[in-house]
Amino acid sequence: MTTSPRGQQPSSPAEPPPGCPAHASGGRRDDRFADAVRLYGPEVEADFDAVEARLRRTHGPVAPVRLSGDVGAWLILGYQENLQAMRNSTLFSRDPRNWNVELAPDSPLAPLTAWAPLPNLTDGPEHARLRGAVTHALETFDRQGVRRYAVRCAHQQIDSFAEVGKADLVSQYTEQLPLRVVARLLGLDEQHVPQLITSVRDMLTGSATAVHSNALISGLLNDLFMQKRRAPGHDITSSLIRYKTDPARTDAVLTEDQLRDEVREHLRLLLTVAHAPTASLLASTLRMTLTDARFRGRLAGGQMSMPHAVEQTLWDQPPFPRLVGRWVKADTVLGRYDLRKGDLVVHAIGAANTDPAIRPEDGEPVHNNSSHLTFSAGEHVCPGQELGRAIVETGVDTLLERLPDYRLSVGQEAVLEHQALMSRVLESLPVEFTPVPRHFPHEQEVVRRPQPAPVAPQHAPAPPPAAPQQQARRRSLLGRR
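Take the sequence shown: its letter number 439 is residue 439 in this note's numbering, and every next letter is one higher.
In case anyone wonders, no lab produced these hints; they're calculated from the structure.
Some hints here could point you the wrong way.
Straight-line C-alpha distance at most 20 Å; calculated SDA-like pairs for lysine to any residue [what the hints assert, rightly or not]:
1) LYS341 to LYS166
2) LYS341 to ALA330
3) LYS329 to ASN88
4) LYS341 to GLU102
5) LYS166 to LYS329
6) LYS341 to THR113
7) LYS341 to GLN84
8) LYS166 to ASN88
9) LYS341 to ASP31
Since the structure is predicted, the reported quantities are computational estimates derived from the model, not experimental observations.
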């Protein structure tokens, strides 16, 4: 039985136990979600796409769902409806303090909905102030500056397996390259990168040691802040500090502790975004080159540029298939349903990007169209999307350049993907190829799998990236959009 449109409810099931997150704040039970489909659990995670397709057929562009702990929410499936919510900050807020639900402290949703002084969790003037600092800092490096770092880091990472003739591109390449690039852009010394990769990955998995890993990251970023406060450099951290202490750019007067905390959390956000969505997008694009002959053929034949190849992947396999979320600021109607002030909405990005109302029925590629919602829309559109694109495009291009005959070493059916509420993760991508020499034969080999032992911070600025060797093959694909 499903929830009826316009809030008319069928008979309700048994009352949830006291303290259950299904209760609205104040203990009042919200019957609108009593019979809603659960958007969690192994059966759902085994095939999210099928669940969302059924919800679209039953409810249309907006569906009532229950998240972990049976917390009620509205899943926005339609492209236009998602766009409407993303663009209307008057009705839909990114600030979780607008929620009408109080979570249990141990709820799995707590880390996804906890407020912090970050641009993605604020609105209005505070959002503009925080976002301005991030945007300014990201402009420290132009596209070619990012590529110089990315090309060098990609060659270093490929060198760790180039002579072997086989590799798992997930654990040995896609999960390490984005963080390695962003860490250098932040101004971190190379010696801290392996520990940083391990700690960020552990923090995001919610493992038993996630709290410890989070503390290690905080300590490393606090040390980086103090280093750049004393001796600024040409890096994102120094740029953030300069922006936040420039009276001509901001009216906010921060204490030293407030400045440190804001900069640290901005850096943590950049690291998180570098790991989860960028690594996922890189892995998904590489999988397309391995499993879709037409995709690789268009790429190799010049019918599709590298930026267009990434754009097609952003349409079909967004790194964040769902995004939590926004909170309704005033009663409104969306799709067939009445939404109340304080309700949570979840953006089904993957479903919106494949909405039959806007996608060609014949399955034609849409790589020359960037109107997908993978990077959101409106005032909260992702400020780091060009950074992510540059890393992914360079990562794919460099691998194709170095290992032109790389191919799957297992059947396509063995390439497994796991989806959680807000993530899309390839478990592995095993390949084989003709062994090739190292690109940097005299450099120490990059650590393949970072070890968990903490590294004591050293206050030395990161050296500038060396100019990478240029190879003519496929180079024309870089920089084209």
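For this session: Sort out whether ASP31 lies within 20 Å of LYS341, counting only the CA atoms.
Result: holds (15 Å)
Exercise. Given the hinted pair LYS166 and ASN88, is their alpha-carbon gap at most 20 Å?
Worked result: violated (49 Å)
Exercise. If you draw a straight line from the CA of LYS329 to the CA of ASN88, is it 20 Å or shorter?
Worked result: Distance ~10 Å between LYS329 and ASN88 Cα, so the pair holds.
For this session: Would you check the hint for LYS341 and LYS166, treating anything up to 20 Å between C-alpha atoms as holding?
Result: violated (54 Å)
For this session: Decide if the proposed pair is consistent with the structure: LYS341 and ALA330, CA atoms, cutoff 20 Å inclusive.
Result: holds (4 Å)
Exercise. Is it true that the CA of LYS166 sits at most 20 Å from the CA of LYS329?
Worked result: violated (53 Å)
Exercise. Given the hinted pair LYS341 and GLN84, is their alpha-carbon gap at most 20 Å?
Worked result: holds (16 Å)
Problem set entry | Hinted pair LYS341 and THR113, Cα distance within 20 Å | holds (17 Å)
Problem set entry | Hinted pair LYS341 and GLU102, Cα distance within 20 Å | The given pair, whose Cα atoms are some 15 Å apart, holds under the 20 Å limit.
Hint check: violations occur at hints 1, 5, 8; the rest are consistent with the structure.
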